[in-house]
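Colleague: Since the structure of chain V is provided, determine the placement of chains X, B and W on it from the hints.
Listed in order, the protein sequences are those of chains V, X, B and W. At position 43 of the first sequence (counting the first as 1) the number is 64 in this note's numbering, and the numbers step up by one without a gap. At position 9 of the second sequence (counting the first as 1) the number is 30 in this note's numbering, and the numbers step up by one without a gap. At position 20 of the third sequence (counting the first as 1) the number is 41 in this note's numbering, and the numbers step up by one without a gap. At position 48 of the fourth sequence (counting the first as 1) the number is 69 in this note's numbering, and the numbers step up by one without a gap.
The hints are simulated quantities; they were obtained by calculation from the structure and are not laboratory data. Fair warning: there could be bad hints in the mix.
Covered stretches of chain B (chain X as the covering partner; in silico rule of three or more C-beta atoms under 8 angstroms from a C-beta of chain X) [stated by the list, open to error]: (1) 35–45; (2) 73–80; (3) 88–102; (4) 126–134.
We treat Cβ as the ideally placed atom computed from N, Cα and C, and that holds for glycine.
Number of protein chains: 4
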Amino acid sequence: MPGVSIHVVDVSRGVVAIGMQVELRHAGHVLASGATNAKGLFDHPALAATFAPGSYEAVFHIGAYYSRQKNVPLPEVPFLDIVHYRFGISDPQQHYHLPFKCTPWGYSCFRGGA
Amino acid sequence: MPGVSIHVVDVSRGVVAIGMQVELRHAGHVLASGATNAKGLFDHPALAATFAPGSYEAVFHIGAYYSRQKNVPLPEVPFLDIVHYRFGISDPQQHYHLPFKCTPWGYSCFRGGA
Amino acid sequence: MPGVSIHVVDVSRGVVAIGMQVELRHAGHVLASGATNAKGLFDHPALAATFAPGSYEAVFHIGAYYSRQKNVPLPEVPFLDIVHYRFGISDPQQHYHLPFKCTPWGYSCFRGGA
Amino acid sequence: MPGVSIHVVDVSRGVVAIGMQVELRHAGHVLASGATNAKGLFDHPALAATFAPGSYEAVFHIGAYYSRQKNVPLPEVPFLDIVHYRFGISDPQQHYHLPFKCTPWGYSCFRGGA
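Chain V extracted, bound-state conformation (with noise of 0.2 angstroms):
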């Protein structure tokens, strides 16, 4: 199954990170714009298109997220705020699972497997 998936958990609290604004982007477009659903999963029909090799870059608007949650304490300035994850897609017919894992402090974008 071609196509990328992108995943968001916010494990500074154990839950996976519901509204966040994602996009998906190559060459100057968006592929993709809209928000991560109730599963944190960003659920959008152009994510299961079969793209071409190259570089593409995943969006995540993590300041915004954050600056909505009660109780979280953040800084003047986030230290986190529009955090842009560029990834090549070397073989167009394998999966891309892009699971995200975020505090208000950082983040952990490692591929999840094909």
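Modeller: Same frame as chain V, now just chains X, B and W:
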């Protein structure tokens, strides 16, 4: 959907970990034992149970897994061998997704959401 | 410089973890026991030893640490309580730096280099 | 001690990353550029500055680093090439320690404490 799910990714090579031996234990008993499947999932019927609140342990046989892989240099005494990951279940009605990311030199285990 | 160093960061809040109880164990013995200092380091003279090859265990009292912090919501049964991190020392002349990153909902422990 | 420190660990092999090209940027300017040293540190005098509040960017040339290592299989289009890690400095008097853990297939970047 109550229960536990366990997914293992070998982030040193960007692939799901296939055939890694895993156990789920509680109070001195092995509740489930088996190997991760072709998707990196520890797919065992006992994991769909409704678990009583308390302390549980997932055990990952990382050393044996890496010793079977080709072209992965390992020291004579492996850095990781059998990893014990203890976690508490507080609410039996919640799902506990446990993504587990490893290399021969460490691991990351954050609850992946309800 | 042989030996082991242990550094704990609370990545849910972007701070070093101060006052977390830590132990280093080997073959049923406690080699060192104490609390992380103001820099998040487990600073104990026994860690500067030249360790024989074999299996060691660092133990982190995460549950007690978070229960003392203010404004950190925790479930009745904490997800993490006492974390056991087993690692192997293969070359006694190498240094084993063990950075430990945690939230109440998971941790990351990759060897930080020789 | 104000300033920024950057430490890179190749967690796929349990070693510090030596010779990885790194830059620190702010507002369109390169504040510091160089390669990580034998300890994996990006040791540059500009990092000891007192930085004004605002948005900064650390840039890591991961693709070039791994393409120079032996026995690391990489796809034709590397999954990671040049990684941009944007972070905000809110309090110029604090120290921002930025440990960066990577494999060819992902990275983890959580603030390592003040």
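Colleague: Evaluate each hint against the coordinates.
Modeller: These are the hints, each one checked on the structure:
Using a Cβ-Cβ cut-off of 8 angstroms, 0 residues of the segment 35–45 of chain B lie near chain X, which falls short of the minimum of three, so the contact claim is violated. With 3 residues carrying a beta carbon less than 8 angstroms from a beta carbon of chain X, the segment 73–80 of chain B meets the three-residue requirement, and the given coverage holds. Residues of the segment 88–102 of chain B with a Cβ under 8 angstroms from some Cβ of chain X number 7, which satisfies the need for three, so the listed coverage holds. Residue count for the segment 126–134 of chain B with a Cβ under 8 angstroms from a Cβ of chain X: 7. That meets the three needed, and the coverage hint holds.
When held up to the earlier numbered hints, the structure conflicts with hint 1 and nothing else.
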